[in-house]
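A.B. asks: Chain by chain, the residues:
2 protein chains.
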Amino acid sequence: MSGGDPKAARRGLMLILSSPSGAGKTTLADRLLEKDRDLVLSVSATTRKPRPGETHGEDYYFVSEEEFSRMRGAGEFLEWANVFGNAYGTPRAMVEETLRQGKDVLFDIDWQGAQQLDEVAGEDVVKVFILPPSRQELERRLKRRASDPEDVVAARMAKADAEMSHWAEYEYVIVNSDLDESERLLRTILIAERLKRRRQIGLARIVKDMMGGE
Amino acid sequence: MSGGDPKAARRGLMLILSSPSGAGKTTLADRLLEKDRDLVLSVSATTRKPRPGETHGEDYYFVSEEEFSRMRGAGEFLEWANVFGNAYGTPRAMVEETLRQGKDVLFDIDWQGAQQLDEVAGEDVVKVFILPPSRQELERRLKRRASDPEDVVAARMAKADAEMSHWAEYEYVIVNSDLDESERLLRTILIAERLKRRRQIGLARIVKDMMGGE
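Same order as they appear, the protein sequences are chains A and B. The first sequence begins at 1137 in the numbering used here and counts up by one. The second sequence begins at 1137 in the numbering used here and counts up by one.
Chain A extracted, bound-state conformation (with noise of 0.2 angstroms):
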């Protein structure tokens, strides 16, 4: 991971994908996660209720509105947001350890969520835009589930076009018209971040010792 040379250490990098629902985001996180050891997903805090089939510690923290707020106050979060009445957060002593293990944090949040740790740890993040190949396929998508009414449809509808408004912000963009494909350049983006200089900080050291002077 740090080009070929073993004694390189590196600093590892926070991840963030984002797309509207439907353009097949998490089968690609989860594709990740499963098939590079270097990668951790971030296990957000709620204080909402768990969902049938959602198991605590794995998708989310379910916690209580006091534990919450206690996180918020005592600075645990790197970043949270209310939606819905309900409130999220990232717990930031995960990301700080894995980071200085070298190994990847990698965030399954909105484009909220990747303003917010842009801010707080902009040299650490590389934001990727997840886009479906085209409405006609992203409605299909949102429609797959055929007992839900139509509005139910038309809102998910305008919320993918709200996440999608803000597509500018990230600095990669990998249109989703194929999972394998898709797959491969995240892949492709991942290895290549970790390449970079910043990220490589045991190469000051190995340079030093590979110029001449005493």
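Wrong hints could be hidden among the right ones.
No more than 25 angstroms apart at the CA atoms, straight line, and that leaves these computed lysine-lysine pairs for DSS-like [stated by the list, open to error]: (1) B:Lys1185 - B:Lys1171; (2) B:Lys1295 - A:Lys1344; (3) B:Lys1185 - B:Lys1295; (4) B:Lys1332 - A:Lys1171.
Computed Cβ-Cβ distance ranges for the label pairs, DEER-style [as the list claims (entries may be wrong)]: (5) B:Ser1301 - A:Asp1174: 26 to 34 angstroms; (6) A:Glu1317 - B:Asp1314: 46 to 54 angstroms; (7) B:Ala1145 - A:Thr1162: 27 to 35 angstroms; (8) A:Asp1314 - B:Gly1193: 34 to 42 angstroms; (9) A:Pro1186 - B:Arg1271: 52 to 60 angstroms; (10) A:Asp1174 - B:Glu1255: 30 to 38 angstroms; (11) B:Glu1305 - A:Asn1222: 41 to 49 angstroms.
Derived list of chain A stretches under chain B, where covered just means 3 residues or more per stretch with a C-beta under 8 angstroms from a C-beta of chain B [stated by the list, open to error]: (12) 1167-1173; (13) 1261-1271; (14) 1298-1306; (15) 1319-1326; (16) 1329-1335.
Calculated from the structure, these hints are not laboratory results. We treat Cβ as the ideally placed atom computed from N, Cα and C, and that holds for glycine.
Using the hints provided, position chain B relative to the given structure of chain A.
C.D. replies: Quick look at chain B alone, frame taken from chain A:
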């Protein structure tokens, strides 16, 4: 090259490779150029005389001092420099035309040329520094021709040190321990950089078409 969407155009980039001689840069450049039809080598103009085996228009454009002065005066160089009494310059027209066509230009230049290109074309520039795996290996490579006197080798090492002292001005660093691996990493950087939003110049229209509202 545009993340899977055939409609998206892109603006090419300027891939700058620098390294001390003996680190494998030219071999890596040749391999990249051979396999990537979207990558074109920038050929410099120079007033120095051709060495045996060098071809006009391939290794350099060999021009007279008068012609070089005329080109410089006409603003035909992106950057130029005098090195040991000879002038070298990067012709502007070919670079700009290639970038407009959505292809990339490879520069095999030293830190001075890299600095100048960064100054005049920063947004288009991707700077990669290639390091040798160790000082011993660098010395071994610079001594390869057994007929070289000791002081020639020492002068080469001093020149290598001078070039290496600029490694921290580069965005990416690759330690070239293994040519195949380094080639793979260079290609990874190139593909990732092509996914940068600002290079995918057709995307704004595509996203506009994709979003709701007339």
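A.B. asks: Now tell me, hint by hint, if it's right for this structure.
C.D. replies: Now the hints, each set against the structure:
{"no.": "1", "hint": "B:Lys1185 - B:Lys1171", "in the structure": "violated (31 angstroms)"}
{"no.": "2", "hint": "B:Lys1295 - A:Lys1344", "in the structure": "holds (15 angstroms)"}
{"no.": "3", "hint": "B:Lys1185 - B:Lys1295", "in the structure": "holds (21 angstroms)"}
{"no.": "4", "hint": "B:Lys1332 - A:Lys1171", "in the structure": "holds (24 angstroms)"}
{"no.": "5", "hint": "B:Ser1301 - A:Asp1174: 26 to 34 angstroms", "in the structure": "holds (31 angstroms)"}
{"no.": "6", "hint": "A:Glu1317 - B:Asp1314: 46 to 54 angstroms", "in the structure": "violated (27 angstroms)"}
{"no.": "7", "hint": "B:Ala1145 - A:Thr1162: 27 to 35 angstroms", "in the structure": "holds (29 angstroms)"}
{"no.": "8", "hint": "A:Asp1314 - B:Gly1193: 34 to 42 angstroms", "in the structure": "holds (40 angstroms)"}
{"no.": "9", "hint": "A:Pro1186 - B:Arg1271: 52 to 60 angstroms", "in the structure": "holds (57 angstroms)"}
{"no.": "10", "hint": "A:Asp1174 - B:Glu1255: 30 to 38 angstroms", "in the structure": "holds (35 angstroms)"}
{"no.": "11", "hint": "B:Glu1305 - A:Asn1222: 41 to 49 angstroms", "in the structure": "holds (47 angstroms)"}
{"no.": "12", "hint": "1167-1173", "in the structure": "violated (count 0)"}
{"no.": "13", "hint": "1261-1271", "in the structure": "holds (count 6)"}
{"no.": "14", "hint": "1298-1306", "in the structure": "holds (count 5)"}
{"no.": "15", "hint": "1319-1326", "in the structure": "holds (count 3)"}
{"no.": "16", "hint": "1329-1335", "in the structure": "holds (count 4)"}
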